[in-house]
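Novice: Each chain, letter by letter, is given below.
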Amino acid sequence: MCETRNRFVGLEPKKRVEALEDIDRRDFILFCTTIAATLGLEASWVPKIAEAVERAARKPSVIWMHFAECTGDSEAFIRSSYPSTEELILDILSIDYHETLMAASGEAAEEALRLAMEENDGKYIAVCEGAIPMATPPGPNGKPGDYLRVGGKTGIELAREVCGRAAAVMCVGNCASFGGVQAQYPNPTGAVSISKATGVPTLNISGCPHNVVNSVATIINFLLLGSLPKADKLGRPLFAYGKRIHDTCPRRAHFDAGQFVEEFGDEGAKDQWCLYKVGCKGPQTYHNCSSVEYNDGTSWPIKGGHGCIGCSEPQFWDNMSPFYERLPNIKLPGVEATADKVGLTLVGAAATGAAAHATYTLLNRKKFDETLKDDEGEE
Amino acid sequence: MGERHVIDPITRIEGHLRIEIDVEDGKVKDAWSSGTLFRGFEIFMKGRDPRDAWIITQRVCGVCTTVHALASVKCVENAVGIQIPENARLIRNLILGAQYIHDHIVHFYHLHALDWVDIVSALSADPKKTSELTNSINPNAPKSGPGDFKNVKDKLKKFVDAGQLGPFTNGYWGHPAYKLPPEANLMAVSHYLDALSLQSRLARMHAIFGGKNPHIQTYTVGGVTCVNDLNPDRISEFMFLLKEGQNFIDNVYLPDVLAIAPFYLDWAGIGGGLENYLTYGMFPGQGGKEPESLWFPRGIVKGRDITKVHPVQVEKITEEVTHSWYKGEKSLHPSVGETDPWYTGLETSKPEGKYSWLKTPRYDGMACEVGPLARMLVNYVSGHKPTVDNIGFVLGKLGAGPEVLFSTLGRIAARAVETKVIADEMGGWINELLANLKRGDMETFTPFEMPNSAKGFGMTEAPRGALGHWIEIEKKKIKNYQMIVPTTWNGSPRDAKGQMSAFEASLIGTPIADPKKPLEVLRTIHSFDPCIACSVHVLDSEKEETYEVKAV
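Here the protein sequences come in this chain order: A and B.
Each residue of the first sequence is one higher than the last, beginning at 675 in this note's numbering.
Each residue of the second sequence is one higher than the last, beginning at 530 in this note's numbering.
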């Protein structure tokens, strides 16, 4: 795995995927040659060879589930450029269940899901989009998970069925990976990640939504090597989430030089200075946005003049907000001479800052709720 | 009472939707539309920084991404009482316009086409005849030679022969309601594939000024942040992508609609449903005053009377929960709604039963349809020239009068016309932007102080219809936040008086050839382009008070 990763680490996204495709083709030719050499047998064996080749050429089955989400990650997935979306969803993968794309509805759709799971039992890739609401709604007939039902089944039931029989589970987006937008305080539906709801370990391509470059690289890695790429302790593949935004940011020099955008639209903004003071969460966020960018390398938020909101991190809705307030507990650099020292200090500061900030934000919001209640009480 | 049939999940939409129908004598006699996911946006909006609202509410929907962002920044700007710079207005118009081009093309080809196009039938098409058919409708059609269609047919054959049909598994192929000849099917399949790759490129229009797509990240209360992208390089990149989009709309999308429609003219008399059409209008002009400067006007067409557009009075909008999984009985304005999720299970067999997480919005007690058809009707009746011309062109080609618009087919035609009308206007906004930059105007942001307490609303149009956000600020935080979104209007359950909303009403009388394969239901439901994630929310305010409407 290391060797393969080394082959594409550092390459541009396009090149990286092309490099992986090359490996794919080379491996396939090698595979066919080996079969031919090994099975150089009588004509009566031909159908069996054909079958073997056909089986080898079978596209991997993907079962894509939608839970509590906004379909942003399906949209993100069909923004692929290399391979093209057409190649990706029709030639490389067999997308056997995907509610946004599939022709069948209702019973025919349920049947498609059943068939895909039976025919590819233990071999399919489950892709999950969306969190699982676990709470019980109030009311005469509320049961746990009733905030989401598809085809009459709760999200919990569906996720357990589908993930439990998959070869691998890949979560796309922050909702499936960590609970996402609906899991923010006070999490009214009890939304949790796929791994929490099912107990099945998942590979998490987080982001809000995720970057298709990263889901595609992960899938191709899996197809070639039969295993998932090496991940951090949050289940995110290191090739995409191994570095901090802040460390790879093209505006980093301005941070080190103490040159900051103080207000959107000011001269600093026009000169592409650092966005830290207008809320950028790059110092706390692990994601490869700056190197791969989005939409075929067109842009990414900081290039668009807006701070990072930390969307690849767990509970960023609570931990990274308010989004336009700077991170607490990070000492600002004053002069360029201390740049290196500043960078080093910040790594530690950010880590402790994250926990402190999370508590701070939540406390503040809880306090606000209480004041509101007090106000109402007075009326 | 007829025989009950359930379609759950309805696929090729955004979100989780269940439709139940009663079928009698081969026709839909009664229908129930249920949104089956609840996320609770307005609950967790409470207590947050109002500047963050757009970032959160954009996650309401990843398909009509950007439109919630827009409604939200507008509603906070309305509350704060600021006007954004002209450049910011133009960037927002360009991003909204790009949304329509992308979204409508994806809807027609990837979410809707398979209701009309039989992929399996395309396998028996003659590529040469397909080429003739395509060029007979549009001599400028790209990739329309016999060789092009042979390639697509070969690719399709290889795909089918491999035995892994992927997303096409279990479609209703061969259903008697499919009427296209094999050649028209092959033409449409070919364009389905072209559009798959095209949409990925078109989304780059958002990324240029929005940082990324889906979920742009360059809006902010007060304007936009993408000041560095206001340069000739980025603008020309945008223009060429726009041109590519226009080329596809003119030479593929509109011609496809005109080619397919004649085989399905019976659908110009099916799926009409409601008779009132509501739009908030969009694309503010110079100065940004609303509704006065809106390029797409705000208005209502009532009772299908296309001689008059009625003005919209925001305070006449109410929501109620008789058949929704919430407590409460009164019809309330969004600013004073009540909350209390109350789950009873699906009660579609009880006349008084609750069966959806969607609430039921009404305008002055009336059920209204929202979406491309509503916008095109209001534009048409208002005399909006590009709309009048393009609707006239399409109706002329079909040899029909405007009454055919009140139908499933009418929705499809309205959406295609709208895509063209908007795309053709965008060049003008780019020119305005360039003129500003030439003058040295690089303003993109209006500074402001967050007021201690304030109220505001922001209205715009999502591709699926009228979208409104309402905010109440207290102690510089969000005290109350409300959204009434398009599919809540269209897909909600009936109201206390038993009036159906658009989905349900439009299904009544629809012929069903085989209730086990309810293709006809999908046709009409998909013609609305449902987006359920948006629709499900909860109102959360305790005090009843009149809403102050502030004109910016």
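Everything labelled a hint here was simulated from the structure, so no lab data went into it.
In this text, all values refer to a predicted model and were calculated from it rather than measured experimentally.
Using N, Cα and C, we set each Cβ at its ideal position, and we do this for glycine too.
Errors might be hidden in some of the hints.
In the DSSO-like style, the derived pairs of lysine-lysine whose C-alpha atoms are separated by at most 27 angstroms in a straight line are [stated by the list, open to error]:
no., chain 1, residue 1, chain 2, residue 2
1, B, Lys575, A, Lys951
2, A, Lys951, B, Lys1005
3, A, Lys797, B, Lys687
4, A, Lys797, A, Lys870
5, A, Lys827, B, Lys1004
6, A, Lys733, B, Lys575
7, A, Lys733, B, Lys679
8, B, Lys879, A, Lys817
9, B, Lys684, A, Lys944
10, B, Lys967, B, Lys1045
11, B, Lys686, A, Lys733
12, B, Lys1005, A, Lys817
13, A, Lys951, B, Lys1004
14, A, Lys733, B, Lys684
15, A, Lys797, B, Lys1045
16, B, Lys1026, B, Lys1045
17, A, Lys827, B, Lys1045
18, A, Lys827, B, Lys879
In silico contact screen, one side only, chain B against chain A (beta carbon under 7 angstroms); selected entries [stated by the list, open to error]:
no., residue
19, Glu532
20, Ile536
21, Phe567
22, Asp578
23, Ala736
24, Thr749
25, Thr754
Novice: State for each hint whether it applies.
Specialist: Checked hints:
| no. | hint | verdict |
| --- | --- | --- |
| 1 | B/Lys575 - A/Lys951 | holds, 25 angstroms |
| 2 | A/Lys951 - B/Lys1005 | holds, 20 angstroms |
| 3 | A/Lys797 - B/Lys687 | holds, 23 angstroms |
| 4 | A/Lys797 - A/Lys870 | holds, 22 angstroms |
| 5 | A/Lys827 - B/Lys1004 | violated, 43 angstroms |
| 6 | A/Lys733 - B/Lys575 | violated, 47 angstroms |
| 7 | A/Lys733 - B/Lys679 | holds, 24 angstroms |
| 8 | B/Lys879 - A/Lys817 | holds, 20 angstroms |
| 9 | B/Lys684 - A/Lys944 | violated, 49 angstroms |
| 10 | B/Lys967 - B/Lys1045 | violated, 62 angstroms |
| 11 | B/Lys686 - A/Lys733 | holds, 16 angstroms |
| 12 | B/Lys1005 - A/Lys817 | violated, 37 angstroms |
| 13 | A/Lys951 - B/Lys1004 | holds, 23 angstroms |
| 14 | A/Lys733 - B/Lys684 | holds, 15 angstroms |
| 15 | A/Lys797 - B/Lys1045 | violated, 31 angstroms |
| 16 | B/Lys1026 - B/Lys1045 | violated, 31 angstroms |
| 17 | A/Lys827 - B/Lys1045 | holds, 20 angstroms |
| 18 | A/Lys827 - B/Lys879 | holds, 21 angstroms |
| 19 | Glu532 | violated, 15 angstroms |
| 20 | Ile536 | holds, 4 angstroms |
| 21 | Phe567 | holds, 5 angstroms |
| 22 | Asp578 | holds, 4 angstroms |
| 23 | Ala736 | holds, 4 angstroms |
| 24 | Thr749 | holds, 6 angstroms |
| 25 | Thr754 | holds, 4 angstroms |
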